[in-house]
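Number of protein chains: 2
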Amino acid sequence: MPLSDVTSLPGVTVSPDIATRRYVFNHTMIRVRDLAVSLDFYTRVLGFTPVYKQDFPAAAFTIVYLVLVGDRSVIPDDDADRLRWVLAQPGVLELTHNHGTETLEATPYHNGNSEPRGFGHLCVSVPDVTVACARFEAMGVPFQKRLTDGTMKHIAFIRDPDNYWIELLQPTPLYEPPKEEATKAGEDTKEAP
Amino acid sequence: MPLSDVTSLPGVTVSPDIATRRYVFNHTMIRVRDLAVSLDFYTRVLGFTPVYKQDFPAAAFTIVYLVLVGDRSVIPDDDADRLRWVLAQPGVLELTHNHGTETLEATPYHNGNSEPRGFGHLCVSVPDVTVACARFEAMGVPFQKRLTDGTMKHIAFIRDPDNYWIELLQPTPLYEPPKEEATKAGEDTKEAP
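Protein sequences, first through last, are from chains R and W. Once you know that position 82 of the first sequence is 82 in UniProt numbering, the rest is easy, because the numbers rise by one and skip nothing. Once you know that position 119 of the second sequence is 119 in UniProt numbering, the rest is easy, because the numbers rise by one and skip nothing.
Watch out, some of these pointers could steer you wrong.
Identical copies go unnamed one by one, so any copy, or any two together, can satisfy a pair.
[As the list claims (entries may be wrong)] Below are the SDA-like pairs computed for lysine to any residue, each with C-alpha atoms no more than 25 Å apart in a straight line:
(1) Lys-145 with Asn-163
(2) Lys-153 with Ala-59
(3) Lys-145 with Val-14
(4) Lys-145 with Asn-98
(5) Lys-145 with Arg-44
Derived by calculation from the structure, the hints in this document are not laboratory data.
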């Protein structure tokens, strides 16, 4: 459907309130068992850069904001400038570490995909999902769904150290199947999420 | 701490793998009870624009991708172009609606902030958090934490129709307290998240 149909869905306002014009969907926060383990995963495996860390000693937790930028030179070096910068960016990840959970053998956190459900996943878009998945396989990253699993052959899911699901996809089609095959393969056979 | 200290935290790779250079933290997915109600909230209250809707009739669910852009003219009108565009953006919100949940009286979904915990919140950054909160109050949006609640006077939390928490903050300081007062007010007295 064209954009005009999407922007006139039931429940959708005709046009955004001018008051929201400079609002930014800044970040998503997840709790992690072991900050060093999660930082390793998000930086080494997915390429995020940590940009701001804040400790709250009295309440015994630490937060780290991370961004996924190809060029770190866009990130201000000065601490105050960098905080202002990161809070104005879209697509920031906030990891929260409650001190002491790193001593637990397994993560105390729930990924939202079994009861009680709610949050589903994060998604990282990559230029070539086949190449990216081969890299993750070589690195020993656990998969929730490989490209070859199920009926949706163009997306994969890996799991982070706390078992949160991370969807992988590429913006361009993986391949363009003939119409008949596309119908037969039927994305609508995907299991309810 | 300067950026160089943040990028040398335990667990952090010295520099991102070149393979990740064009990776984008594309979206966060949450499940919603009633799509029309959630679309109303995210478009009218927060200013998001729905950009792509996909139905999966056999598995009985629908997804909608939304972005928070001040100027809708950046969004391609053509359906295929728009899908490619949205999958390459950072800061996209994906709402998943499992058909039929809208008939339930209360949301079947868990927001991650009581046991079992995990996902914490989404955050929308606004130019002026005091002005934004006054607008949400006037609209009757439920608050999880007002600016005046607790020790962290510069952030607020509202709740979406499924009770997911949405943090509100502004990139610039709310005010600059004198050093002594800042220490006394101590953000580190915040409760563990």
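We went through each hint and held it up to the structure:
In this homomeric assembly, Lys-145 and Asn-163 come within 25 Å of each other (Cα to Cα) only inside a single copy, at 13 Å, whereas the closest approach across copies is 29 Å. Proximity of Lys-153 and Ala-59 under a CA criterion of 25 Å is satisfied inter-copy only: 16 Å between copies versus 45 Å inside one chain copy. With identical chains, the CA atoms of Lys-145 and Val-14 are never at most 25 Å apart, being 38 Å at best within one copy and 29 Å at best between copies. In this assembly of identical chains, the alpha carbons of Lys-145 and Asn-98 lie at most 25 Å apart only when taken from different copies (20 Å versus 29 Å within one copy).
Only within a single protomer do Lys-145 and Arg-44 lie at most 25 Å apart by alpha-carbon distance; the minimum there is 21 Å, versus 35 Å between protomers.
Consistency note: the structure conflicts with earlier hint 3 alone.
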